[in-house]
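Undergrad: Going down the list, the protein sequences come from chains X and D.
First residue of the first sequence? That's 30 in the working numbering, and the numbers climb one at a time after it.
First residue of the second sequence? That's 8 in the working numbering, and the numbers climb one at a time after it.
Honestly, the hints are just simulated from the structure, not real lab data.
Cβ coordinates follow ideal geometry from the N, Cα and C atoms, glycine included.
Don't take each hint at face value.
Simulated restraints, written as ranges between beta carbons of each label pair [claimed, not checked]: (1) X:P156 - D:E31: 23 to 31 Å; (2) D:E31 - X:R47: 45 to 53 Å; (3) D:N58 - X:P156: 16 to 24 Å.
Heads up, incomplete: computed chain D residues facing chain X, CB under 7 Å, no partners named [said to hold, decoys possible]: (4) A16; (5) P17; (6) H52; (7) F63; (8) N65.
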Amino acid sequence: MIKIDQKQLDRIREHGVRDYPYECCGLLLGRYGADGKVVTETYPISNAREESAKRNRFLIEPHELMRGERYALDKDLEVVGFYHSHPDSPAVPSQYDLEHAWPTYSYIIVSTTADAANDLFSWEQEPDRSRFNQEELQCQ
Amino acid sequence: MPVTISIPAPLRQFAAGQSQIVVEAKTAGEALDQLTSTHSALRRHLFNDQNVLRNFVNVYLNDEDIRHASGPATPVKDGDTIMIVPSIAGGAVIENEVGKSLPELSNEEIMRYSRHLIMPEVGMQGQRRLKAASVLMIGTGGLGAPLGMYLAAAGVGRIGIVDFDVVEESNLQRQIIHGTKDLGRRKIESARDRLRDINPHIEIETHESRLTSQNAMRLFRNYDIVVDGTDNFPTRYLVNDACVLSGKPNVYGSIFRFEGQASVFWAEKGACYRCLYPEPPPPGLVPSCAEGGVLGVLPGIVGAIQANETIKIILGAEDLLINRLLLFDAWTMKFREFKLRKDPKCPVCGEQPTIKELIDYEEFCGMAAHQTPQPESKLDEISATELNARRLRGERIQIVDVREPHEFEIARIPGTKLIPLGHVVSRMNEIDPEVETIVHCKGGVRSAKAIEALKRAGFQGRLINLKGGITAWSEDVDPRVAKY
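In isolation and in its complexed conformation, chain D is listed as follows (with noise of 0.2 Å):
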């Protein structure tokens, strides 16, 4: 169909001078396309990097805004006509956009940032926005390393790191960032000197201290994302509401085995962390990464979706991972995804909010961050050594220990029973009551389920727990004995 386009006055120049143009179509998309093929310079004033219209770009059909309509798929017949008219916006004044223009790149950055740049998507617009950006990093743990390391590559320009731990043998499993030479190191060190090694053109902050209710307001203030790595239940609420209270998006990970999730919690715009999860699970009931277990290979595909999606939000990309909630499966390699919505009664992004600042997430939580729970009754307990000590002395006790077969064989303590915690009650009867029980597992967790579980199902002889279970066991008694 033969359509008629009116040029705007400004943009004739970009039409060899002519003020209309007929073009053959059959959407109003499709007239702006023949527009742009025939007047290519007319198409960067119409269209974003993105190949969106730009937002201030209104095109009217016999004076009715497309967007009202079906957007450029709405049809056009023969004789239409189609205004472009801008909506003109105005002022450096407003928000926090003042002064907030973006830095220019270097040569060198430009040949570093190239695979980004020849793409439109990113350009050299987004890739000045990245280097504009700042992001904070709770945690440089699985998450946290291949998330920096994304980060850092793609030339976020500001990346704040929030860790207090130092790098253990067991990390290297999965925290790529860290390596043998930085054991014992801080790991904000060592993470700081990877991700420079990485990039020398960004900046990075450290903070190392243990991300509160007293200083996540004052931290996360200085950043435009916050990227949630933790691997516990307080910091992860704590990190929900002080994104929601400073109006930050949350970039959520979590793993444990092989199962990963992944969303972004952004109040403004769909559902928080409580809008999914209004209460955090009893103490306890969800084993962390260090009883369960995880494939290292996941944290770094779920670490890389959070560092993807980090990107595209500070790109202005569409379809992010808002209101949906991702889940892996890596054994089965299958993903799968949640509708999430915003709960209009949440308690902190909801309509009538009753958590207007930070609480003590620890209580919030029924325990302390990074503590065992404690059973509801008292445990007898005793320590490594001392259970030694007992031995040599050639005392008459059992051990039992409740951990699984695969545990079992990475190492042992001699001379103990295994019956593993799924099995304790059913196997009971293996378990003289006549003489003292100590139950072990790894780290003393299990184990003291275990003796709650055998005084529930009635088992009459004494049970004492083995305190740090056979971890504490390597430290303090037989170092021979791996620890895991």
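So that you can see chain X by itself, here it is in the shape it has in the complex (with noise of 0.2 Å):
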């Protein structure tokens, strides 16, 4: 389960509808707790590279996850999860995003089109990695 606010969830959707026809992207900064995770900030990674996006997949770079971490660490919270845009497409992941993503953490899709955000579901892949699984969201 992810515990996520309404302000942080309009952050993403505002990102996802700012950035289209591009996807957006960004880390969920908060604490793994015992009954799941708790997201208290969102940390766009900016697309500065929104051309060659388009053909790089890759949307942030280990680089940028290495100082969101250390930007989380200073306000001793923990990286819980990545949120991206699906740009006229629906918010489930595909079988690309399967093969490149880890348990544990929330994967946060956001469906977008030219002037509004819709659907918006997190994911958490199943340990064996066979699949993804929808993960309870729970809007605080």
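Can you join these two chains into the complex? Each is in its own frame, and there are hints to help.
TA: This is the structure we're talking about:
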């Protein structure tokens, strides 16, 4: 289960619409708790490479992730997952997503169009890597 | 050397909750092996089925990506730290992967493919990839026969077959996809039935037509990989160009007598057929298998190599026959290999291509496909029936057979003189220039060449080519003469 407040969800949706028709992405910062993850902050990775992002499907490079982790550490938080948008596509992970994910992390996907963010779901990889399971998302 | 590995938060559940683990190792790869032998559940999140570090997993040795050093062989020192950091990929929205999740396997399929599934190089993932894949085979002849049968057996989900021929007796010596019961049937039907029998779990699509510049792009669009099993140059260039223009890999094979060639032409990754052979040979220079013969098992070997490479492409294997031309000699039983290089000046896959759409390949190769080349000067010809009539009338003519002695042993037209093509000029004095001479071979190509050679050598007598050679004689005059 992942808990996130409305303000953070709105920020993810706004980011998705702003970056349409490209994908947006960012980190979910918070804490791993006994009953799931709590997101207290989102950390947008601004897509400075929008043109190449069309081909380059790696949205967050390891050095960006490490920078985000350092930022989180300063605030006594951890990276608990990631968000990205699927412009004009359902908020469902692809086979490609599955092959490039780890369990435990939350993967929030928001489906976007030119003027709106639609479905938003959170996904968690099965520990044997076989599939993604939709994760309960609790808006606080 | 003791080195410390930091375990990323999401993977700690697979490492007994620890955030740092100390291991003894000499290289970064060894450190990871040590780590994952103690905590085996970690391994699948770091390495793929082929035992290679997953491409989104980055390993840093003291802040340096080991991919920029010596990879897993990067040496480690006492006190070094290793960090494992993912790159985050995303998006179902790009390219053609939308909705292309891999199909599941039924229990029957799992049983059928079990010898594949137990190898990590294939595994469930690889077998599902095979099921999701589509391959277009051009031709169901000598190469297409083993190719189609192995692809079907391997579980390639959708196989397209292009052919327009019917099964003939002389095919059966090597085209093992067809049987004696199929004589006279359309090859695509015979091949389809055989492939269905081998594997009912796959789809087979038949295209009964000659591959042409008009239909190639439309046909290729619906398949992931094209495999060339053709026997003539115009189609070979057509397959190559259409593959380059549509971005598909072209798995190539060719055979003649005892020698075979195989390669993978994939313009995005290496040389194409035109990089290797920019121009076709002059028409008639390279004999076809019908003229020169072919050892029946040879296409079996070369076609199986094509099937092997096709399956490897689907599985995402490395070490494909890209930029490599494999030569095989069945008589000396030797494999050789040549390195190929992409030609930056290649007219179709080079830096400034001049061929941007399909052309007329028969014109490009200076001939009509499946047609005999026309000699430069006009050639006198006679049909088998007419020749027979003249003989029956008792006309004074001589017949020269320019085939090889072993062919003469198979079948002959009575009352002929054998002078093989290679000796026809040196033994010219054995032909009486005062008498009209009919020259024949198996199908009419070599005899036309013999006439050309004799004329060039200054032979003065009248030379007439037997149209269709001894084959026509057998068909139209005397069926007791064996066809081969």
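Undergrad: Next, verify each hint and record whether it holds.
TA: Now the hints, each set against the structure:
1. Range check, P156 (chain X) to E31 (chain D): about 28 Å between beta-carbon atoms, so the 23 to 31 Å window is met.
2. Checked against the given bound of 45 to 53 Å, the beta carbons of E31 (chain D) and R47 (chain X), roughly 50 Å apart, stay inside it.
3. Checked against the given bound of 16 to 24 Å, the beta carbons of N58 (chain D) and P156 (chain X), roughly 20 Å apart, stay inside it.
4. Here the hint on A16 (chain D) is kept, as its CB sits about 6 Å from the closest CB of chain X, short of 7 Å.
5. Taking 7 Å as the C-beta contact cut-off toward chain X, the hint placing P17 (chain D) at the interface holds, the least distance being around 3 Å.
6. Checking H52 (chain D) against chain X: minimum C-beta separation of about 6 Å stays under 7 Å; hint holds.
7. Taking 7 Å as the C-beta contact cut-off toward chain X, the hint placing F63 (chain D) at the interface holds, the least distance being around 4 Å.
8. For N65 (chain D), the suggested interface contact is upheld, since its CB lies about 5 Å from the closest CB of chain X, less than 7 Å.
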